[in-house]
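> What follows is the residue order along each chain.
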Amino acid sequence: MSNEINDYNERETVISFKNVTKEYKLYKNDKARFKGLFNKKVPFKLKKAVNNLSFEVKKGEGLALIGRNGAGKSTILKMVTGVAFPTKGEIFVDGKISALLELSSGFDVESSGIENIYLKCSLLGMTREEIDEVLDDIVEFADIGDYIEQPLRSYSSGMKSRLGFAICVNVKPDILIVDEALSVGDKNFKKKCIKRVRELMADNNVTLLFVTHSLSTALEFCQRGIVLEQGKKLFEGPIQEAIEFYDARE
Amino acid sequence: MSTIRQIINEHRTFGKQIFMLAKSDLIKTYRGAALGWAWAIVKPAMTLFVFWFGFTVGLRGGQPIAGYPYFLWQLAGFLPWFYMRSLIPGGAGCIRKYKHLVTKMKFPVSVIPTFVNISELMVHLVLLAITVALFLIFGHTPDKYYLQLPLYMLMMFVSFTAWALFAGMLSCISADFQNLIKSMSTAIFWMSGIIYDVNNIQNVYIRTILKFNPVTVIATGYRKVFIYKEWFFEDKVEMLCYGISLLATLILAIWAYKRLRKEIPDVL
Numbered sequence: 475m476s477n478e479i480n481d482y483n484e485r486e487t488v489i490s491f492k493n494v495t496k497e498y499k500l501y502k503n504d505k506a507r508f509k510g511l512f513n514k515k516v517p518f519k520l521k522k523a524v525n526n527l528s529f530e531v532k533k534g535e536g537l538a539l540i541g542r543n544g545a546g547k548s549t550i551l552k553m554v555t556g557v558a559f560p561t562k563g564e565i566f567v568d569g570k571i572s573a574l575l576e577l578s579s580g581f582d583v584e585s586s587g588i589e590n591i592y593l594k595c596s597l598l599g600m601t602r603e604e605i606d607e608v609l610d611d612i613v614e615f616a617d618i619g620d621y622i623e624q625p626l627r628s629y630s631s632g633m634k635s636r637l638g639f640a641i642c643v644n645v646k647p648d649i650l651i652v653d654e655a656l657s658v659g660d661k662n663f664k665k666k667c668i669k670r671v672r673e674l675m676a677d678n679n680v681t682l683l684f685v686t687h688s689l690s691t692a693l694e695f696c697q698r699g700i701v702l703e704q705g706k707k708l709f710e711g712p713i714q715e716a717i718e719f720y721d722a723r724e
Numbered sequence: 077m078s079t080i081r082q083i084i085n086e087h088r089t090f091g092k093q094i095f096m097l098a099k100s101d102l103i104k105t106y107r108g109a110a111l112g113w114a115w116a117i118v119k120p121a122m123t124l125f126v127f128w129f130g131f132t133v134g135l136r137g138g139q140p141i142a143g144y145p146y147f148l149w150q151l152a153g154f155l156p157w158f159y160m161r162s163l164i165p166g167g168a169g170c171i172r173k174y175k176h177l178v179t180k181m182k183f184p185v186s187v188i189p190t191f192v193n194i195s196e197l198m199v200h201l202v203l204l205a206i207t208v209a210l211f212l213i214f215g216h217t218p219d220k221y222y223l224q225l226p227l228y229m230l231m232m233f234v235s236f237t238a239w240a241l242f243a244g245m246l247s248c249i250s251a252d253f254q255n256l257i258k259s260m261s262t263a264i265f266w267m268s269g270i271i272y273d274v275n276n277i278q279n280v281y282i283r284t285i286l287k288f289n290p291v292t293v294i295a296t297g298y299r300k301v302f303i304y305k306e307w308f309f310e311d312k313v314e315m316l317c318y319g320i321s322l323l324a325t326l327i328l329a330i331w332a333y334k335r336l337r338k339e340i341p342d343v344l
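Each protein sequence line maps, in turn, to chains A and B. For the record, in the first sequence the residue sitting at position 126 is 600 according to the numbering used here, with numbers rising by one throughout. For the record, in the second sequence the residue sitting at position 114 is 190 according to the numbering used here, with numbers rising by one throughout.
Okay, chain A solo, but in the shape it has when bound (with noise of 0.2 Å):
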């Protein structure tokens, strides 16, 4: 057992958040906060969507982070992804990040299936050479026929998000963020999405974040929970613990 402790704190920190605090301003209107870019006196109301919040997650480790809405679950993802930045404290990050957050946003809906995939890999900053290596894999992946030739606008909402989860694995990322995200598609699809997810944590010491409700699939591939509520952190533990602890609060 203490073999395993010194194994876990040997492993490399991929995310860290030191006393990360992130304040939302909040004006009465857009008005205000116009006037509030050039006089600090225009009042707003500060609202704390992360509070005083610290934790490390070490390669190839899945954690989940639970807790109801407005947790601020979503806000911590986007400051690991670099979306958002905190108010106060650090947050350092290291290697390639996947983010499927939204699956379908961030589409061209005008182009094609095909030069989507180019587009949103080379923003990820792969190479053309890089693209070409993955781009039958992801084709493969997301199944969606002929339509992978069809500008956006004509999928399905399933579809998008199909293709756009079928991207997000398929790039070979370090650290993958998921939300929400696997209950997307039928049943099928979302067999096939949690495989593939499990085979990049088997191989690839793929890092997980996972945000969601259902604990059955955060119990599947996350062996550490984070509960939270106001942005605060209520508790942090192996992920059974966790869950148990949520449970009891609601």
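Derived by calculation from the structure, the hints in this document are not laboratory data. C-beta atoms are modelled at their ideal positions from N, C-alpha and C, and glycine is treated no differently. A couple of the hints might just be wrong.
[Stated by the list, open to error] Simulated pairs of lysine-lysine, BS3-like, Cα-Cα distance not exceeding 30 Å:
#, chain 1, residue 1, chain 2, residue 2
1, A, K522, B, K182
2, B, K175, A, K505
3, B, K180, A, K562
4, A, K669, A, K570
5, A, K521, A, K509
6, B, K104, B, K92
[Claimed, not checked] Computed spacing ranges between beta-carbons, pair by pair:
#, chain 1, residue 1, chain 2, residue 2, range
7, B, N276, A, V583, 46 to 52 Å
8, B, T284, A, D606, 55 to 61 Å
9, A, S631, B, G91, 51 to 57 Å
Chain A is already provided as a structure; the job is to place chain B on it using the hints.
Chain B only, in chain A's frame:
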């Protein structure tokens, strides 16, 4: 200072993607319409025709200028205006238009104005080629003054990229600001010496003030190339005014980026 370094770094690491995004912006603008690319030419042609009709047929003005038919004089000044017309409101809306890049992924926001400008510059190059061809048809072959074209193009590009960064960031915070810019487009057109020569204005103060407007300087610059056959350094006051207004735009752009970069993902 650190903001300048940040902007430069963001451009350096995203070099390749900038051109790809410019291309996809261009395709997005024109695809889907039945005439597609033709719109890039039809719209400016329509504008030119309307003004030519209004001034030559309607107002019975439109006398030849400096030995060139009025139509060619008009064309030389409108050529850069088509670029600027698109980017005055387009610059203010560019970051909102690409808000999925800001709110859904880690993305260097300062390159959005750059690729939007590059995309418009491509259209400009096509129109420029047509303009040169039209001058040729009328018997005016390119001469040494055409060598100034890259300079004026660069001036236009830099000015409007800085403008798009400033106005684009501010528009994210306030939709009112964006609407204000949209409604100012027509005013800028009539007050910028695109359909008249600023140097003909009698009042010296108004004349000088107008030269602080980059739209005026650039439109006049294109006319110097095609019509007046003057060098850019002949009017030193004009260049100085342009330099000052460019510096002001750059400072505003950097201020806006520094002040708002961390705020806009929360607001959009």
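> Report the numbers of all earlier hints that the structure fails to satisfy, in ascending order.
Going through the list in order, the structure violates hint 9 alone and respects the others.
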